[in-house]
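Whenever a hint applies, use it, and build me the whole structure from the sequences.
Sequence order for the protein chains is V and G. Under the numbering used here, the first residue of the first sequence is numbered 1, with each subsequent residue one higher. Under the numbering used here, the first residue of the second sequence is numbered 1, with each subsequent residue one higher.
Since the hints were derived computationally from the structure, they do not count as laboratory data. Since no wrong hints were added, every one of them can be taken at face value.
What the simulated footprint calls covered on chain G by chain V, stretch by stretch (three residues with Cβ under 8 Å from a Cβ of chain V suffice, anywhere in the stretch; the number is not a length):
(1) 9–16
(2) 20–26
(3) 219–233
(4) 277–288
Label pairs and their in silico Cβ distance ranges:
(5) Gly41(V) / Thr223(G): 28 to 34 Å
(6) Gly41(V) / Pro27(G): 39 to 45 Å
(7) Arg416(G) / Gly41(V): 26 to 32 Å
Here a beta-carbon is modelled for each residue, glycine too, at the ideal position from N, C-alpha and C.
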Amino acid sequence: MRMFIAFEKTFALRHIGHLDLLRVMQRALRRADLPVAYSQGFNPHMLISFASPLPVGQSGREELADVTFERQLSEDACLTALHTALPPGLPPVRARAVDDNHPKLMAMLRTASYIIRADDARSLASAIPAFLDRESIPAVRVSKSGSTQVDIRPMLHELKYIDALSAFHARVSFTERETLKPDLLMRTLASFAGVDEPDLLIERARLFGENRGSAMPLIYC
Amino acid sequence: MKSVMKDLLDTVSKPARYIGGELNACPFDKNARVKIAMCFPDVYEVGMSHLGMKILYHRINELDGASCARVFTPWPDYADALRGAGRRLSGIEGGLELSAFDAVAFTLPYEMCFTNILETLDLGGVPVRSDSRSDDDPVVIAGGVCAFNPEPLSPFIDAFAIGDGEETIVDIVGALMNNNGRAARLAALSRIDGIYVPALSSDDAIVTKRVALDLDKAYFPSTNVVPFLETIHDRAVLEVARGCTRGCRFCQAGMLYRPPRERSVATLAAQGEALIRSTGYEELSLCALSTGDYSNLADLSAALRERLSGLRVQLSLPSLRVDSGIAATLGDAFETDVRKSSLTFAPEAGTQRLRDAINKGVTEANAMQAVREAVAAGVNNVKLYFMVGLPTETDEDVIGIPEMIYRMLRETGGNRRLHVSLSVAPFVPKAFTPFQWVAQDSIDVIKQKTHMIQQKLPRAVKLHWHEPRLSRLEACFARGDRRMGDVLEAAWRGGCRFDGWTEQFHPELWDKAFEETGVDPAYYANRVREFNEQLPWDRIDAGISKAFLIEEYHRALSADVTADCRESGCQGCGMSVGGRCARAYVHSV
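Listed below in structure tokens is the structure:
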């Protein structure tokens with residue numbers, strides 16, 4: 001059987017990288033004495049995968065792992081065992097048992113929502129209505145191989161400023177073909193608003209799949 | 001305007017070095033009566049692999065009324081960021097800056113981390129020199145292998161702990177708990193066995209090293225902190241034995257950690273299982289100076305395998321001697337280097353005569369057989385370690401290194417997939433060894449010898465050689481006195497830190513420091529000492545007698561081998577506890 005496990009990765013733990021996280025999870029599963037399945041072959045490894053690696057420096061409210069077990073296991077038993085086995089900064093929050101042939105998290109992932117804190121948030125916030133009214137929003141994506149011009153408007157599904165949080169909420173495309181990174185979004189918004197590139201504190205709030213055309217939390221997909 | 005909401009860690013490399021919060025890390029009690037900052041003078045990945053840190057961290061935290069936080073020297077980018085922001089270095093646990101602890105303790109694993117001690121103290125708001133500290137400042141303590149020659153660090157360290165630390169630390173915590181203020185605390189510390197307090201010690205007082213005789217009764221943590229970052233040795237560590245009596249004459253650890261002591265199979269099996277269950281590690285490493293010398297490896301292997309069956313744990317033996325023959329007999333039970341398809345092997349010298357002179361009990365036949373067997377077993381990487389500049393070395397011995405490698409390649413039938421790499425390090429004479437009186441080769445001579453090796457080496461063999469200027473510096477501190485402390489401070493003030501890291505080593509800054517202080521490095525590194533010369537470490541009693549070291553030195557000159565006392569009876573090293581040869585305490589199973 002397989003289990004989707006949602007966990008938080010916040011505060012200081014936002015500084016650890018994806019490979020570090022993988023090792024921590026593997027060791028926690030071993031320590032929890034859960035019946036994790038291993039691959040066959042000369043160098044067996046644990047059957048565990050993640051919906052999407054989180055960049056170093058970003059925190060996550062609902063990160064998702066997919067673990068295969070050798071035997072049936074209840075969601076509660078899995079959560080309870082992991083609760084004591086994981087370090088304090090990585091609490092498991094939800095688990096969902098799925099069939100072995102259930103699609104992979106990565107394959108179902110469509111969009112991700114973010115809570116973004118930025119300097120000079122007021123001027124950025126006031127530019128949002130005009131920004132969203134545009135039919136296309138050209139942006140420059142910089143990578144190791146050079147910079148390319150992209151239109152980010154089709155990848156931007158929601159963007160608003162939430163006064164109570166003093167933060168932006170954004171939901172953006174997150175598929176293999178189309179991904180809009182939150183820092184590119186905010187950089188483009190800043191240049192549209194005519195303000196300096198802001199320092200950002202980014203939290204990935206949730207990952208979404210799709211159900212009949214609308215966004216659905218990935219863990220329930 | 002730049003943001004105030006990001007923290008300094010967002011601007012540095014590898015921020016996970018500084019965050020703590022790992023599994024099994026101990027919560028810090030700010031109200032504890034004794035708060036100790038346990039510092040490792042290098043980066044997190046190195047310090048978290050250090051056995052002494054693991055033992056002492058958990059030992060202190062399990063004592064009533066005491067709390068211990070870890071500190072690793074910040075990499076230059078973070079150190080500069082802290083200074084730039086006007087912030088001080090604090091313990092990983094609890095966020096208390098170093099100056100607010102009762103004691104700041106360092107382990108001293110190698111000489112080339114000494115600048116990091118000053119850097120760490122300064123970043124933490126503790127005055128670097130003992131005589132500049134006020135009564136409110138913490139007591140600065142140091143232990144570990146380099147504490148056996150305390151003189152170069154004595155201007156900066158208030159108290160040195162000599163020898164095994166797991167018992168001494170309990171006494172140290174007691175002295176801190178029962179006394180207030182630096183002056184009273186230093187006085188109390190100076191009365192503890194194995195503690196040397198430079199400011200309070202008379203010139204003729206001798207400090208005898210502490211020895212944890214019965215390792216079965218000695219404290220050993222039942223858990224390890226599990227780091228987020230991949231550390232140098234990212235695995236659970238079980239210390240099976242301490243000490244070694246092989247008697248290699250260049251080896252300081254072999255002399256300092258006598259007598260050899262073992263933990264029993266029953267104790268180790270229980271400790272090994274507890275470590276694995278509490279950490280989730282997939283590898284359990286059996287650690288000792290020479291693991292293959294453990295008297296009952298077969299039973300230990302069987303006991304551990306039974307305890308750990310079904311847990312998918314790999315047992316590993318990292319420090320195997322090639323002549324121990326263990327790889328062949330236990331290859332299936334253990335993850336040895338052989339199974340990892342590489343063989344690491346340290347003949348140290350290129351001719352039998354020189355190997356006999358340094359008492360390295362490896363013969364050409366051992367070496368050839370090991371390589372032949374390894375290659376037959378599928379190994380295609382062989383790493384070889386040699387030294388140049390060993391006492392009595394001639395050109396013939398130097399040329400002997402590439403010649404031996406030629407014979408090895410022939411032995412393996414010109415296997416084209418075999419990668420051989422050769423690491424050559426200049427010999428560094430150390431205190432408490434039979435070679436403590438000899439001169440290190442000058443930098444020019446080391447360069448000439450390396451060149452000789454390079455010219456004769458088969459082209460396919462990759463040569464790594466240690467920076468000779470770094471080795472000379474190491475030699476200066478290894479046998480230095482208090483004036484080397486002045487050089488150290490001048491070098492650190494000039495910008496030196498992390499000298500052991502090639503990209504951070506600035507020989508020109510060190511040259512300047514020697515010049516400024518009027519100290520000649522050759523006086524420490526390249527001078528032959530007379531047997532009757534007063535040595536800076538004479539105030540320390542490490543258990544080995546000077547007469548034995550002198551005798552061993554003479555035997556080296558005539559290339560006479562000295563046998564291991566575990567096989568051939570007492571060789572008279574002088575290591576005794578309560579008047580008995582300490583071998584009597586070796587645990588029998």
